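Undergrad: If you read the sequences in order, they're chains A and B. In terms of this note's numbering, the first sequence has 915 at position 90, counting the first letter as 1, and numbering is strictly consecutive. In terms of this note's numbering, the second sequence has 979 at position 154, counting the first letter as 1, and numbering is strictly consecutive.
I should point out that these hints are in silico values taken from the structure, not numbers from a laboratory. Predicted model, so just to flag it, every value in this text is computed and none were measured. Please note that a few of the clues may not be correct.
[What the hints assert, rightly or not] No more than 30 angstroms apart at the CA atoms, straight line, and that leaves these computed lysine-lysine pairs for DSBU-like:
| id | chain 1 | residue 1 | chain 2 | residue 2 |
| --- | --- | --- | --- | --- |
| 1 | B | K982 | A | K889 |
| 2 | A | K979 | B | K905 |
| 3 | A | K977 | B | K884 |
| 4 | B | K889 | A | K905 |
| 5 | B | K905 | A | K913 |
| 6 | A | K905 | B | K979 |
| 7 | A | K915 | B | K977 |
| 8 | A | K889 | B | K941 |
| 9 | B | K982 | A | K979 |
| 10 | A | K979 | B | K831 |
| 11 | B | K913 | B | K831 |
| 12 | A | K979 | B | K997 |
| 13 | B | K977 | A | K869 |
| 14 | A | K889 | B | K831 |
| 15 | A | K830 | A | K943 |
Protein chains: 2
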Amino acid sequence: MDNKKKGIILLSGGLDSVTTLYYAKSRGYDLTALIFDYNQRHRKEVQAARRIAEINGIKYHLAKIDLSFTQSSLTNRDIKVGLNRDLKSKEIPLTYVSGRNIIFLSYAFSLAESIKAKKIFIGAHIHDYSGYPDCRPEFLFAFNQAVSLGLKNKRIKIVVPLIDKDKRSIIKLGLSLGVPFEDTWSCYRGQRVPCLECDSCRFRVEAFAELGMLDPALVKKKK
Amino acid sequence: MDNKKKGIILLSGGLDSVTTLYYAKSRGYDLTALIFDYNQRHRKEVQAARRIAEINGIKYHLAKIDLSFTQSSLTNRDIKVGLNRDLKSKEIPLTYVSGRNIIFLSYAFSLAESIKAKKIFIGAHIHDYSGYPDCRPEFLFAFNQAVSLGLKNKRIKIVVPLIDKDKRSIIKLGLSLGVPFEDTWSCYRGQRVPCLECDSCRFRVEAFAELGMLDPALVKKKK
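Okay, chain A solo, but in the shape it has when bound:
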């Protein structure tokens, strides 16, 4: 396989990263998934990510990291996940994990250089999560430039195919690519079924509803 077509996919198991994986695959990339277990509240997403990698016959690297010191509702069980927030708010939500994408991307660069991959795919986008500073294009661009100075291989690039898309457009893209949405996991609370109250559930369910669909993950759970 041509090394130019080797890529890393940062795979959380959620709708965005899984759609990004299918996009990269459709473009002919030989992917290695990088999955993080940081003892997140919604650790269930790790199972979803592994399953998606397995369905696609993709190698994956599962990295365990300790982020218990961060003050986030996803890493600290004493902080509640905010429910029924204003989804248009520009404030940084309680689910923000300090430096999460910074650490994830750093790992991805290390892995990419090690296995000679030239691209790192990440499902970040500016619409839903404009509140997360580490999803913003200006950060991703500057980070890519800076990290290149610290590596032997200066040409590894972050690719963000969903950057300008809203949730509805992402779902439409995913549908066209055959993404098994029923196998993805987005809910921050990580219980048996999606809570439908956290930001992540609401963005997702509302976008499916706008497309006249019931979220396939809910249909599956109702079986």
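Given chain A, put chain B in place with the hints provided.
TA: Chain B in isolation, oriented as in the chain A frame:
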């Protein structure tokens, strides 16, 4: 304690990071050490780092990370540590671990933001290890700028007090600050006593010799 004086020290247990710790302490910083166990060949340095933190009554966070995918003599036991290399060579040595400082610093920023520290001290310098791209000042500066875009707190700064110093100057600084060099560990091979053949040993022993001293770590081992 004034938050302005809270700092993180990236502590490997080697001569440079320990001298940096003593420097930061002498400047009145309330430090939290960040120590990495990446199953490095010279994992003995982790013990040294913990001991130094304990001697100084400093809190430390020990982060375990898996870098087994990197192609380095420090992470892959099948690759030998280069011995008796030309220390003036500008080539990247086999001990280079892809993205190591990038990952370490990312973690440090996450921890710093979480505990409200404003400074991250790192013992990088350009003299010994000009071969390591992630020790270069241009990388450190650009990385600091980029990461600030991805964090809530935009004002956390990397501080590199040794940046322009050679090993001899670092040791002189350390001596003036009371660094217990006998408790530091630098040898890449991580056996019972320093090998005196790897780059790290040679830089160190030669610098002590230039100062008319025997490396205290050797004196201790000989007891």
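Undergrad: Give a verdict on every hint.
TA: Each hint tested on the structure:
no. : hint             : verdict
1   : K982/B to K889/A : holds, 27 angstroms
2   : K979/A to K905/B : holds, 25 angstroms
3   : K977/A to K884/B : violated, 34 angstroms
4   : K889/B to K905/A : holds, 27 angstroms
5   : K905/B to K913/A : violated, 55 angstroms
6   : K905/A to K979/B : holds, 25 angstroms
7   : K915/A to K977/B : holds, 13 angstroms
8   : K889/A to K941/B : holds, 24 angstroms
9   : K982/B to K979/A : holds, 24 angstroms
10  : K979/A to K831/B : violated, 34 angstroms
11  : K913/B to K831/B : violated, 37 angstroms
12  : K979/A to K997/B : violated, 36 angstroms
13  : K977/B to K869/A : holds, 27 angstroms
14  : K889/A to K831/B : holds, 27 angstroms
15  : K830/A to K943/A : holds, 7 angstroms
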